[in-house]
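Chains as they are written, first to last, in the numbering used here: chain B, 1 to 492; chain Z, 1 to 324; chain H, 1 to 351.
Hint data in this document are derived by calculation from the structure and do not stem from the laboratory.
Hints should not be assumed to be uniformly reliable.
Which chain H residues face chain Z? A few, computed with CB under 10 Å, are given here [what the hints assert, rightly or not]: (1) L87; (2) V91; (3) T124; (4) D128; (5) D135; (6) L136; (7) P152; (8) I153; (9) V193.
The beta carbon of each residue, even a glycine, is placed where N, CA and C say it ideally should be.
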Amino acid sequence: MSTKVIMPQMGESVVEGTITKWLKKVGDNVGRDEPLFEISTDKVDSEIPSPAAGILKEILVPEGTTVQVNTVVALIGEAGEAVAETAPAPAEVPESKAAPETPEPSIPAAAPPPEPAVSALAAVEAPPVASEEGPASALPAAAAVATVIPKPGPKVQPRDIRTSPLVRRLAREHNIDLSQVTGTGSEGRITRQDIERFVEDRAGAPSALAAVSAPAEPAPPQKAMPVAEAAAAPAGVLAGTAAGAPPAAAAAPAPAEIPQFVGESETVAMTPMRKTIAERMVASKRISAHVNTVFEVDMTSIVQLREKHKVEFERREGVKLTYTPFFVKALVDTVREFPIFNCSVSGDNIVYKKPINVGVAVALETGLIVPVVKDAHLKSFTGIVLAVNDLAERARTKRLRPDDVQNGTISITNPGVYGGLFGTPIISQPQVAILGIGGIEKRPVVINEAIAIRPMVYLSLTFDHRVIDGAVADQFMARLKERLQSWTAWID
Amino acid sequence: MSQTTYLEAIRQGIWEEMERDDRVFILGEDVGAYGGAFKVTQGMLDRFGALRVIDTPISESAIVGAAIGAAYMGLRPVAEMQFIDFISCAFDQITNVAAKSRYRWGAGVPIVVRGPSGGGVHGGPFHSQNPEMYFFHTPGLKIVAPATAYDAKGLIKSAIRDEDPVICLEHKFLYRRIKETLPADEYTVPIGKAAIRRRGNGMTVLTYGAMVYVALDAAAQLTHEGIDLEVVDLRTLLPLDRDLVLESVRKNSKVFVLHEDTRTGGIAGEICAIINEEAFEYLDGPVLRVTAPDTPVPFSPPLEEYFLPKVSDVLATARRLASY
Amino acid sequence: MEREKPAGVASGEVGRSRRVTRKSVSRPVTRAIDPETHRRMLRFMALARELEDRIERKLYRQGKILGGVYVGRGQEAIGVASAIQTLPDDVICPSHRDMGAFLVRGMTPPRVLAQYMGRRDGYTRGRDGNLHMGDLGLNIIAFVSMLADSVPIAAGIALSFRIRKQNRVVLCYFGDGATSRGDWHEGMNLAGVRKLPVVFICNNNQYAYSTPLAAQMAVANVADRAASYGMPGETIDGNDVLAVYESVRQAIARARAGEGPTLIECRTFRMTGHSAHDDASYVPKRLFKEWESKDPILRYEQWLLREGVLRRTDIDYVHRSVIEEVDRAVEWAEDNPYPPAEDCLRGVYHE
Numbered sequence: 001m002s003t004k005v006i007m008p009q010m011g012e013s014v015v016e017g018t019i020t021k022w023l024k025k026v027g028d029n030v031g032r033d034e035p036l037f038e039i040s041t042d043k044v045d046s047e048i049p050s051p052a053a054g055i056l057k058e059i060l061v062p063e064g065t066t067v068q069v070n071t072v073v074a075l076i077g078e079a080g081e082a083v084a085e086t087a088p089a090p091a092e093v094p095e096s097k098a099a100p101e102t103p104e105p106s107i108p109a110a111a112p113p114p115e116p117a118v119s120a121l122a123a124v125e126a127p128p129v130a131s132e133e134g135p136a137s138a139l140p141a142a143a144a145v146a147t148v149i150p151k152p153g154p155k156v157q158p159r160d161i162r163t164s165p166l167v168r169r170l171a172r173e174h175n176i177d178l179s180q181v182t183g184t185g186s187e188g189r190i191t192r193q194d195i196e197r198f199v200e201d202r203a204g205a206p207s208a209l210a211a212v213s214a215p216a217e218p219a220p221p222q223k224a225m226p227v228a229e230a231a232a233a234p235a236g237v238l239a240g241t242a243a244g245a246p247p248a249a250a251a252a253p254a255p256a257e258i259p260q261f262v263g264e265s266e267t268v269a270m271t272p273m274r275k276t277i278a279e280r281m282v283a284s285k286r287i288s289a290h291v292n293t294v295f296e297v298d299m300t301s302i303v304q305l306r307e308k309h310k311v312e313f314e315r316r317e318g319v320k321l322t323y324t325p326f327f328v329k330a331l332v333d334t335v336r337e338f339p340i341f342n343c344s345v346s347g348d349n350i351v352y353k354k355p356i357n358v359g360v361a362v363a364l365e366t367g368l369i370v371p372v373v374k375d376a377h378l379k380s381f382t383g384i385v386l387a388v389n390d391l392a393e394r395a396r397t398k399r400l401r402p403d404d405v406q407n408g409t410i411s412i413t414n415p416g417v418y419g420g421l422f423g424t425p426i427i428s429q430p431q432v433a434i435l436g437i438g439g440i441e442k443r444p445v446v447i448n449e450a451i452a453i454r455p456m457v458y459l460s461l462t463f464d465h466r467v468i469d470g471a472v473a474d475q476f477m478a479r480l481k482e483r484l485q486s487w488t489a490w491i492d
Numbered sequence: 001m002s003q004t005t006y007l008e009a010i011r012q013g014i015w016e017e018m019e020r021d022d023r024v025f026i027l028g029e030d031v032g033a034y035g036g037a038f039k040v041t042q043g044m045l046d047r048f049g050a051l052r053v054i055d056t057p058i059s060e061s062a063i064v065g066a067a068i069g070a071a072y073m074g075l076r077p078v079a080e081m082q083f084i085d086f087i088s089c090a091f092d093q094i095t096n097v098a099a100k101s102r103y104r105w106g107a108g109v110p111i112v113v114r115g116p117s118g119g120g121v122h123g124g125p126f127h128s129q130n131p132e133m134y135f136f137h138t139p140g141l142k143i144v145a146p147a148t149a150y151d152a153k154g155l156i157k158s159a160i161r162d163e164d165p166v167i168c169l170e171h172k173f174l175y176r177r178i179k180e181t182l183p184a185d186e187y188t189v190p191i192g193k194a195a196i197r198r199r200g201n202g203m204t205v206l207t208y209g210a211m212v213y214v215a216l217d218a219a220a221q222l223t224h225e226g227i228d229l230e231v232v233d234l235r236t237l238l239p240l241d242r243d244l245v246l247e248s249v250r251k252n253s254k255v256f257v258l259h260e261d262t263r264t265g266g267i268a269g270e271i272c273a274i275i276n277e278e279a280f281e282y283l284d285g286p287v288l289r290v291t292a293p294d295t296p297v298p299f300s301p302p303l304e305e306y307f308l309p310k311v312s313d314v315l316a317t318a319r320r321l322a323s324y
Numbered sequence: 001m002e003r004e005k006p007a008g009v010a011s012g013e014v015g016r017s018r019r020v021t022r023k024s025v026s027r028p029v030t031r032a033i034d035p036e037t038h039r040r041m042l043r044f045m046a047l048a049r050e051l052e053d054r055i056e057r058k059l060y061r062q063g064k065i066l067g068g069v070y071v072g073r074g075q076e077a078i079g080v081a082s083a084i085q086t087l088p089d090d091v092i093c094p095s096h097r098d099m100g101a102f103l104v105r106g107m108t109p110p111r112v113l114a115q116y117m118g119r120r121d122g123y124t125r126g127r128d129g130n131l132h133m134g135d136l137g138l139n140i141i142a143f144v145s146m147l148a149d150s151v152p153i154a155a156g157i158a159l160s161f162r163i164r165k166q167n168r169v170v171l172c173y174f175g176d177g178a179t180s181r182g183d184w185h186e187g188m189n190l191a192g193v194r195k196l197p198v199v200f201i202c203n204n205n206q207y208a209y210s211t212p213l214a215a216q217m218a219v220a221n222v223a224d225r226a227a228s229y230g231m232p233g234e235t236i237d238g239n240d241v242l243a244v245y246e247s248v249r250q251a252i253a254r255a256r257a258g259e260g261p262t263l264i265e266c267r268t269f270r271m272t273g274h275s276a277h278d279d280a281s282y283v284p285k286r287l288f289k290e291w292e293s294k295d296p297i298l299r300y301e302q303w304l305l306r307e308g309v310l311r312r313t314d315i316d317y318v319h320r321s322v323i324e325e326v327d328r329a330v331e332w333a334e335d336n337p338y339p340p341a342e343d344c345l346r347g348v349y350h351e
């Protein structure tokens, strides 16, 4: 994995720079921020520090050469990496554009991000022709039809007919040959009144006029629809193939049992992530005996605790202090008292797991992903905050490693983000429980025979009744609740 | 019920808002003891005191800058430009600070910058201008330009309550000429909504400010010629009420724009572009413009009269479009 | 009116360098500053220095920061010793060379770096760059490129305190070049006329881009301009953190007591170009040499050691921890994502 060294833009108007001197040779060790080369530009001469530590693997732009800003001028390899192999090098030199669009952070990605890997897999599974033509063809087909539909009949002679945009549209909509219409406007122009009168005369009924002069709805002409639909249907079939699901593996019920919607619609292939989610959710519902229990928790202590510490915490740690880590920490401590919540079912056996690895669901625009806080039972509270933050951040920026989403032993999810009271989440297999956190909201509650306003939250637990009974689940939740409500002192 | 002038309506609007909300205060040149050059703020010093009615040095940029600072702190400043022409001195504070603040760092600037605009009073080049287009081009601002006493009051109230910077262009020609009976109950006029002043069939004129009356006069004459002109009063220039504009265009198919501002780069050009993009196939003729010529506003009566669009200009344009 | 160069500029020492250009301002002996405040001031000065060094000399040159980069190297005493005296409800209007003031008031290095890099969690979410940032929650007003625009704004903020009868003050910062702009004079005048609670703090670093002071103004000192606006003005050694502290302390006290605004001219030097791409070739080399010996951080450290406020190990710890903090911040900021492109369309109006 190499880090690209680029020609920096030293000044807003500067578009190129000359490498005057390389301060390191290929194969040299170089430290991060250690001077690497010298440049000269229209505005300034400067020494450029290395963006990363490692070995100068390759110099792509020799001394004395002028290149555009953002051109890759060298590659820094990790220590121990072979120096010679230079596969991507030649391709990258010409990529010198003035515009710095998509400035990818030059920190090397630690591992190939999971998404490309998945989609590559999908591409391999899918027949190449289908994957290219499938979803794409729906649009052009429909569009083409729409422009063709107008009328089989009359064609407008361009010769001496003077009209207006409105008149041409009305003629098209009413199948009128404009050469048949007499214009009364300036220089014989066909006016709106002319064409309306023509329609009226032709139809001999006032209703036709009404149709003409109701121009407010620019709805697509109706005959277009069946055609567009027809075009979309095969596209949907192709798209299904493109997604690459081997029919046998599909978890969905037989398609024949599902009545099909009739009417205008659009069919889009599921993304690989969507497909995975779909399969796993249905599978989990079949595997586990899902049961839910909901508890309400008074969050006053934690809200106060967070308010008191969040600014200082953010200053100190550089990350925001959210509520999620509080729940993770309380969950972990409670799971330690109830090990059955950290097990899985294997045939006729129950497998108790030693580490507590908490999956924390993160909603992405494209779907849901559940990165895992590993060894959460060994982590300090701050350690949990940092881990949660790091995972969420990398989830959103698509930089999770495959390992980050594996080996969870219990999960937590957050259905309250948009104001939901609580959810009934689905267990992530092979786990046996998942905790759903509702939104924290101020509610009136009765305390000591008086009504008080308190920040409250609903916690919903989904557990697998195969191994956990209702009474145990409620005891578990009662402990969790107690833990959260009595959490008054800051712990690091 | 007595009649209220356009000017008095504005005064009532500000007054009511100051009564309603103690965050509202006014600042500007001679707004205190003197009551403002046109007396829009008359009596306010006595009623609301010197902390809320603030006479400033002749520093338009500082007036707007100070308004922005106070708005950051949660107040609702109403800054008067003695003549709207002087808003040019505050251009930087309005366009670079106020307009971009929310976008840049999330800090809204709920200020009102108001003042008398427009000609017809022999004010000459520096007391007659229509500066709307300098600001129309600046994302982040709102601009209102009422034509009636009802709207003048309702819009200044909405402007004061708005979370974004609003420029209120009060037409000084209308200040004391326009009178109407206003509702006894409190009301506001929403920003961003145009109004149809005269329903018509077959042709639309889009206009605002003092030109609304020119359009209505012309429409009355045109009925004798079989032209039924619909008069749309834009009321708010930014954001434009595109829905109502396009609705009227689609209904009538022939349209022209009338404004007192000069021609090149005037709002008519932008409206033409919108119609062209959104309603081309509803047009039964070109979109025409009736505007002032591209000159400064002249002083001498015959020159100024020539400069300002008038009923005869509107008649000629309407006839040309009708016969198209 | 005295017109000599401030004494501290020549002496290069700390704590004895103030020279008042207006005698009427009373000058009690510097009130004792507690050791914790000393430690915090040193830490913030060192943090500002390290952060800006990293920004200007590393990240910018590595192409990780684009656009304009303007730093306040050598001017750290001014922002830090002034802002450190504000109360949470007070407001600051810093300029582009007042990193120290931003940090003192609660902005954090990770988000400052994200701001420079145009990332999602920068203080303007990528919509503006460098120190063009503010946070109403921290009572920090964002700066614009049109110099001195924040001067009338500061007056308006102070006006709001007057209207609401709040005992708060505003600190408004600018450079020597900004005092040439009309908005500066309009704002100063309004503050003077209304006796508003503002402390105007000038970073006089002697160059406005490449234009030296003498080509910028016809008076010898920025502080001389104060007389026109009926407020006291004084010229102090801006590289002497204790001089800045004391001068601002008194100005804040005056403002809180309802005695009106003060203009404090802090003489300092821009130890770099106007921006990161400017090699400052127009500045005589001897000036850099001369001012290097008056580095505000080194001078402060010597004073702290001499007075026994801090030990060498304490100072070393400050520098070590600052480097670590910036290391962590760089890492965080580089990992911070860019805002989604369509974010371009959001936030122009109240939503």
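Hints, one by one, checked against the model:
no. : hint : result
1   : L87  : violated, 15 Å
2   : V91  : holds, 8 Å
3   : T124 : holds, 5 Å
4   : D128 : holds, 5 Å
5   : D135 : holds, 7 Å
6   : L136 : holds, 5 Å
7   : P152 : holds, 3 Å
8   : I153 : holds, 4 Å
9   : V193 : holds, 6 Å
In the structure shown, a violation is registered for the earlier hint numbered 1 alone.
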